[in-house]
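2 protein chains.
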Amino acid sequence: MKENGRLIVISGPSGAGKSSVVFRAIEGRDDACFSISVTTRKARPGEQDGKEYFFIDQQRFDKMVADDELLEHATYVGNSYGTPRRFVEDKLAEGKNVFLDIEVQGARQVSVKMPEAVKIFIIPPTLEELKKRLILRGTDSAETIEGRLIRAREEYGEADFYDYIIINDDLDEAAQELNAILKAEKCRYPYRSYKLAEV
Amino acid sequence: MKENGRLIVISGPSGAGKSSVVFRAIEGRDDACFSISVTTRKARPGEQDGKEYFFIDQQRFDKMVADDELLEHATYVGNSYGTPRRFVEDKLAEGKNVFLDIEVQGARQVSVKMPEAVKIFIIPPTLEELKKRLILRGTDSAETIEGRLIRAREEYGEADFYDYIIINDDLDEAAQELNAILKAEKCRYPYRSYKLAEV
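Residue numbers (the working numbering), protein chains in the order written: chain A, 1 to 199; chain B, 1 to 199.
In short, the hints are calculated from the structure, not lab data.
Among the hints, erroneous ones may be present.
The list treats identical chains as one, so a pair stands whether inside a single copy or across any two.
Stated by the list, open to error - When the alpha-carbon atoms are kept at most 20 angstroms apart in a straight line, the in silico SDA-like pairs for lysine to any residue are as follows:
1) Lys183 to Asp163
2) Lys42 to Asn79
3) Lys186 to Asn79
4) Lys183 to Arg24
5) Lys91 to Lys113
6) Lys195 to Leu171
7) Lys186 to Val118
8) Lys132 to Ser19
9) Lys63 to Phe87
10) Lys51 to Arg148
11) Lys183 to Glu173
12) Lys195 to Ala175
13) Lys195 to Thr126
14) Lys63 to Phe34
15) Lys195 to Phe161
16) Lys42 to Glu116
17) Lys51 to Asp68
18) Lys186 to Leu171
19) Lys91 to Asp30
20) Lys113 to His73
Bound-form chain A, shown alone (with noise of 0.2 angstroms):
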């Protein structure tokens, strides 16, 4: 029996490394990706369907949202964004891992249509750190850092629906405590229990 590769959802306040954390635990292996979103905005140069989103008009995405094809979506700055389930679907059924990278409210609508989702939230040793960091990426200017700290302090509010926390304080040791929540999850009950059955 081929085994269904797990959702996995990352979730954590802006400038904690989530990506950067994911990239390093699934380095040079083939069984995991990120989820490719659809999106009503118009592609910027360079983009390419299929790579970075979906690009996809308003009547498509009303369309997909009214037949339960999307997982979570949400409206930012006038534009609908969405995870496409067939995408998510179709990779876990290739025995694919499936990386999520959503806010909080995002979380909680992809936990209820798919419940076996693993939810994870990445953190920063702490917040002061998370400001330098912020600082030092030098994109945001000082408001907008204060408003990602305010943020970050409401996410952590509503950290208790995660099933794990990973720190990234050193990369490798982050990465590896994914890689180990990867291998151990594949152990839980429900998704070895075939075994029992195959004596």
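Please arrange chain B on chain A, whose structure you already have, making use of the hints.
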């Protein structure tokens, strides 16, 4: 903050290689140990008090039961055996993971008193393979082996009580899975949530 160790309950059919998997996993690590049981059985030549068992008399044993000092207890062939709560709690407080190799009935007793215990069921790849291993071991009669196989099937029916299933086909792979489970369990929300307050 120093993190406590975790109580790891290991069950599975006789001959599945439970101790081999645990010993391979914790080889060279000083953050893990096996629990040591109390027993009213007389020490055999070569056995040391506090090594194989803590040897105590029936009166002391009965008092431990009455004082709720045992996480589980049972009687075999007229002798009483039990897992001393204090010993386990002391090791956990030192930050050590404590392994308990025990049957399903005992595992259920422990789980009531320590619901945070991680419960792992270790099985052979197939019952046919288990039979081969038991024959190869050469310590059991054909009748005893048949009895063990019947018991194994009964235990499989209770495997849904466990959090994880490890298949001991390749010993190194099984030990890696056990280590991944230990590492992942350290990341679980309740054990890491104190980090959210250290902001």
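Indices of hints not satisfied (ascending): 3, 10, 14, 16, 17
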